[in-house]
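Enquirer: Given two chains presented individually in distinct reference frames, assemble the corresponding complex, making use of the accompanying hints.
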Amino acid sequence: MADIVLSSTQLSYQYPQGTNLSFPDIRVQGGLHCLLLGDSGKGKTTLLHLLSGFSAPTTGEVRLMDQSLYALRGSSLDAFRAKNLGFIFQEAHLLRNLTVAENIMLAQNLAKNPVDEAEVMHVLEQLQLGEKANSLPHQLSRGQKQRVAIARAVINRPALLLADEPTASLDDNNTALVLKLLFDIAGNYGSTLLIATHDKRIKDQFTNSYQL
Amino acid sequence: MNSLQLVWKNITQQLGSTLLSVLLTAFGVAILCVIYITGETFEKQLSSNTKNIDLVVGEKGSPLQLILSSLYHVDNPTGNIRLDAARELSGNPFIELAVPISLGDNFNGHRLIGTEPSYLDLYNLRIKEGSLWSDSFEAVIGSDVARKQKLKIGDVFHTAHGLAADGHVHDEHPFRIVGILERSNTVVDNLILCNLESVWDVHGIAHGDHDHDDHADDGHEHSHEHDAADGHDHHDHDDAAAHHQHSDTGADGHQHHEHEDDGEIVAERPREAFVKNIGDDMLEARGDEVTALLVKYASPAAMGIVPRLVNQSTDMQAASPAIESTRLFALLGVGLDSLAVLAYVIMAIAGLSVFISLYNALKQRKYDLAVMRSMGASKTKLFSLVLVEGLVITCLGGFIGLLLGHAALFIINEQASESAAFIEALRFNSRELLLILAACLIGAIAAVIPAIKAYRTSISAVLGDR
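These protein sequences, in sequence, are chains A and B. Using my numbering, the letters of the first sequence correspond one by one to residues 1 to 212. Using my numbering, the letters of the second sequence correspond one by one to residues 1001 to 1466.
Isolated chain B, as found in the complex (with noise of 0.2 Å):
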């Protein structure tokens, strides 16, 4: 029977209490490490993905949207720019290099992007399997992707319109895939890169070396007849999978407005208005276009003109990640910083839980420690007995509420888009360790009043007056 033994059966003996005081404890553990973790990972993802990018030019709008869809990959794009605007922009000598970027699909909520080799410079990429597409759907994929989906080389897949996993399946556009990217650790870990010709075919963009007349031919009459307003989404599918075939014959093309699935007629599903629909600008015919334009500067004296250029002598916008992504972690810095605030109002009241439930079981163990203190327990012995007896409630309360956390992360990360999921929720970080710090510290405060009444526990008064 030792002092941890001893400890241990104390708090056990008081089930109830001792469990509401874990409880506390393991959800405000639990809320600030999500809170930690997730403004950690923010922070990371923030700074990484804009690391070698100084500018993003696109569609006039919010700048934060156009930052979030173009960088991030979390939002829809404002709209569309021309490409010969983008081109001339480039050969500003005050930009180094300048990356265009086309959004519009998705496989399995993973975000295709068509664009240029250069973009794997911007984010320092290299291929781990297989090599840089040479072609149209050719694709290379990020790690994650790979891992995901169960992807490899040789592999084919179709996208889906949209940047929703249950958009419009691009059958007759099946993409393989040719490359596999080496961890990064950036947005582009969860991203399916291709050529810009890619993202313009599949959606019939005429375009300067790709004619979409070409597809007629062989039968995949796309968007020439669709209305500008409708685009894609005027297509409804019963089996909204990423690899449902269409019943359509080459000379209908997309031009059904229903199905017709095991007989039974398919309504149209209501378009989502506030959804910016890339491949509806696309198809307005205003020539190449491409969503944003990434930029890295030659140098720092750029970053004074470039934008005022973009912003007042083109109808493109200018958006800077740094500016932008500050703002944006300020916004969210108010909700961590109000959730953080509710986790220490729990740890708090779990302190105070704490001191009550071994406050009242000093009362009834009043002879218990006078009994000890007759048989040799010194009242140092009495204190730190007591003391660790709180520590051991939050101690515990500490690390199952780091698993909690845990948990919650790795929920939050299943329920995340896949482009946007970058939580390493299974990943402990030395650095929570003090957060059990935290709580132990709590523990250790809300133990000391009654340990300080168990030192001064009287063998003559306990056991005298009875």
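Excised from the complex, chain A in its bound form (with noise of 0.2 Å):
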């Protein structure tokens, strides 16, 4: 059985406005990818930053990697986030100013790995992005912005890959692609893939799912 690159026990959290939200605990073994399904306002979102180490929980634990997320304390939490987690946002937030390859280097960069364009064209490529690196955001579609996502959270070979709401407004088709996207990319990189969504269209590729 593989090692479990993720835990939680007795997640709970408060929002600043009062409301508690509770979480059931969750486990999630390496290569066997994860879903954590619920409709909007159940808190997937905070579930997953909770799980990044974004947000402190109000009770309970997480475990990543075999490591107490919240016993590490500012630029270590960081630090660790930056070598063993990758997270695919709702939106793509790629900076502006820089190009879709300064975007996939700074991740390596920020992660303190060192800057290797060879493997940063390589990632392109698989996601039919090589001819775009050096184009800016703005002359990317809204696909090809999530592609370049996607490239920046698989760079440094994360241990666990964590994606908001990927197929979200997607058709079937693209949904379809998507998925088979985010498999394939994390397969290639080693990267356990845990993805929040709503979309009930998807629950069936998951053998290992949670419901909000």
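No lab work stands behind these hints: they were computed from the structure. Be aware that a few hints might be false.
In silico lysine-lysine, BS3-like type, Cα no more than 30 Å apart, as pairs [as the list claims (entries may be wrong)]:
(1) K1366/B x K42/A
(2) K1453/B x K1381/B
(3) K1044/B x K1152/B
(4) K1044/B x K1150/B
(5) K203/A x K83/A
(6) K112/A x K1366/B
(7) K83/A x K1379/B
(8) K1009/B x K112/A
(9) K112/A x K1363/B
(10) K1296/B x K1060/B
(11) K1009/B x K1363/B
(12) K42/A x K83/A
(13) K83/A x K1363/B
(14) K1453/B x K112/A
(15) K1381/B x K83/A
(16) K1296/B x K1009/B
(17) K180/A x K83/A
(18) K1379/B x K112/A
(19) K112/A x K83/A
(20) K83/A x K1366/B
(21) K1381/B x K1044/B
(22) K1453/B x K83/A
Expert: As structure tokens, then:
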């Protein structure tokens, strides 16, 4: 049985306005992609942020690669996250004054990995973006931007790849394409995929899923 | 994509506001640079040009004008004093050295100083090439005169009357260069030295050992026909260049009131009334005269005695270079201080501009910063990135400001008269780096608040509410 990449226990989060959310315990095995399914307002994005260490929970614990996430503080947490976790946001959020290649190289730089242009070109080729390496974000379509965001998330070969609503507002064909792309790229880079979505169309493609 | 590349990308993204901040910083630094170098140069010049001179004795009038004309060679003299009175004063036991100087002519803006060999001792001058004059119309030139006018030993030149380069040219009295002085970093570098007799002869002044009547024999009858009030200024020349050749005949001398060039009658030029014409005073035939006497005391006790002696018992005035230089610098200081205030205000506006620019940019870049945090950028990293942006903008402005400042100094120096051109505009002083540091400090201060805001970027708050 593969190692547990991510686990959470008794996680709860109280919003500033007072609402309190409790989340199910989650265990993600290495190589076994996982789905968090829930309607809007159920706290999917909040849970992803707690699992990533972006926010601290009111109660509970998160372990990533057997490291208690909230035992780490400040720059130690940042460095750990940069090495072990890739995050694909609902919006691409590319840095608009950097080219496609520079956006990806920045991820390498921030993770204190050597900037490897060949590796950047390789991941872009896998995502059919090779010819867009020197384009600026405003020169890309929405789909292309999303693929660049995926490339940026996997370039440091993280153990866990989190994706927030990657198929939102896509038709069936494009949903299938994006999912295949995510599975393929996660497989190629040795990452375990955890997707948070309200899109029930993709439920069948996951054996490991949690309902919020 | 390292941090500096990222900073550069960010500041060039907001080209308009970045350029404004850079230019404001540059103008502030440029003004401060001009003030700093001009002030320092003036101070250095004030001290080096008066180092061995304790007192200047000249015609009664403004003491500051006497100092400016006799030591710094930037103003017109107050008038002339009798040489025998000056000689009498020189014999005073409180005076170690007294050197008479006589002004009146120039060559392309470089003043001609009639003096004695002891003038060189006053300024610790040494001959670099050639020798000291041994006869009239032999000249020893300063190093800058040689360089700027491309003159060498044996060259001949004609001086122009008065202290402006476009005065009447004394074609009939060519000077021959017999020596070139070593550079002394004093005003003498821009002067031409000769003996006193040469200055008198040029203006046709009767003097003890050189009677101007001799000149009449060889066809140069100068001053004797002039009216003292008119002097040489009543001559008008279509071509005012220093080497202009007269069409005068020997019999006519300078008595022409107008010249006919190419068949055209050239009208007389109106006299500039306020300019004290030294030649005119000399022409009043009061005997041998000089413009001033530069005095070095024999002992500090002379300080309280000699000036009083001169001012109370002669018709001359004594001016102290130390006192007048201090007064001059105080007067200049007011202007420089006002300019400095303007520069500080501009620098403060530059800082404000950097602050507004970074603060506004931060609003647009909050997602960028949050994403960078999600990719592992620490809070300190974001803080330093924004801080460096402020530093780069003002540092860049600082360097451009220094270049602008030196360019302005170069132009100022070019515009100054040759005798006063002593600002070394193209020489950089390591202390100017303090201006860059000051600019950087302003940039850092201006960037602190935006940097703190960047430091506090919360990934969840920014990316969770979209």
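Enquirer: Are the hints correct? Go through all of them and say.
Expert: Going down the list of hints, with the structure as the test:
Taking the CA atoms of K1366/B and K42/A, the gap is near 26 Å; set against the 30 Å cutoff, the hint holds. Distance check on the hinted pair: K1453/B and K1381/B sit about 12 Å apart at the alpha-carbon level, within 30 Å; holds. The suggested pairing of K1044/B with K1152/B holds, with an alpha-carbon distance near 28 Å, which does not exceed 30 Å. Of the pairs offered as hints, the one joining K1044/B and K1150/B holds, with about 27 Å between alpha carbons and a cut-off of 30 Å not exceeded.
For the hint linking K203/A to K83/A, the alpha-carbon distance of about 29 Å falls within 30 Å, and the restraint holds. Between K112/A and K1366/B, the direct Cα distance comes to roughly 22 Å. Compliance with the 30 Å bound is thereby established for this hinted pair. Restraint check: the Cα-Cα separation between K83/A and K1379/B comes to about 17 Å, which is no more than 30 Å; the hinted pair holds. Taking the CA atoms of K1009/B and K112/A, the gap is near 20 Å; set against the 30 Å cutoff, the hint holds.
Taking the CA atoms of K112/A and K1363/B, the gap is near 27 Å; set against the 30 Å cutoff, the hint holds. A distance of roughly 20 Å separates the Cα atoms of K1296/B and K1060/B; the hinted pair therefore holds under the 30 Å criterion. Between K1009/B and K1363/B the alpha-carbon distance is near 17 Å, which keeps this suggested pair within the 30 Å criterion. With a C-alpha separation of about 29 Å, the suggested pair K42/A and K83/A falls inside the 30 Å cut-off, and the hint holds.
The straight-line distance between the Cα atoms of K83/A and K1363/B is roughly 28 Å, inside the 30 Å bound, and the hint therefore holds. For the suggested pair K1453/B and K112/A, the alpha carbons sit about 24 Å apart, so the restraint of at most 30 Å is met. For the hint linking K1381/B to K83/A, the alpha-carbon distance of about 17 Å falls within 30 Å, and the restraint holds. Distance check on the hinted pair: K1296/B and K1009/B sit about 64 Å apart at the alpha-carbon level, beyond 30 Å; violated.
Using a Cα cut-off of 30 Å, the hinted pair K180/A and K83/A holds, with the two alpha carbons roughly 24 Å apart. Distance hint between K1379/B and K112/A is fulfilled; the C-alpha atoms sit about 15 Å from each other, no more than 30 Å. Distance restraint check for K112/A and K83/A: the Cα-Cα separation of roughly 9 Å lies within the 30 Å cut-off, and the hinted pair is therefore satisfied. For the given pair, K83/A sits about 23 Å from K1366/B by alpha-carbon distance, which is consistent with the 30 Å threshold.
Annotation: proposed proximity of K1381/B to K1044/B is violated, straight-line Cα distance about 47 Å (limit 30 Å). Straight-line distance between C-alpha atoms of K1453/B and K83/A comes to about 26 Å, which keeps the hinted pair within the 30 Å bound.
Hints 16 and 21 from the earlier list are contradicted by this structure; the remaining hints agree with it.
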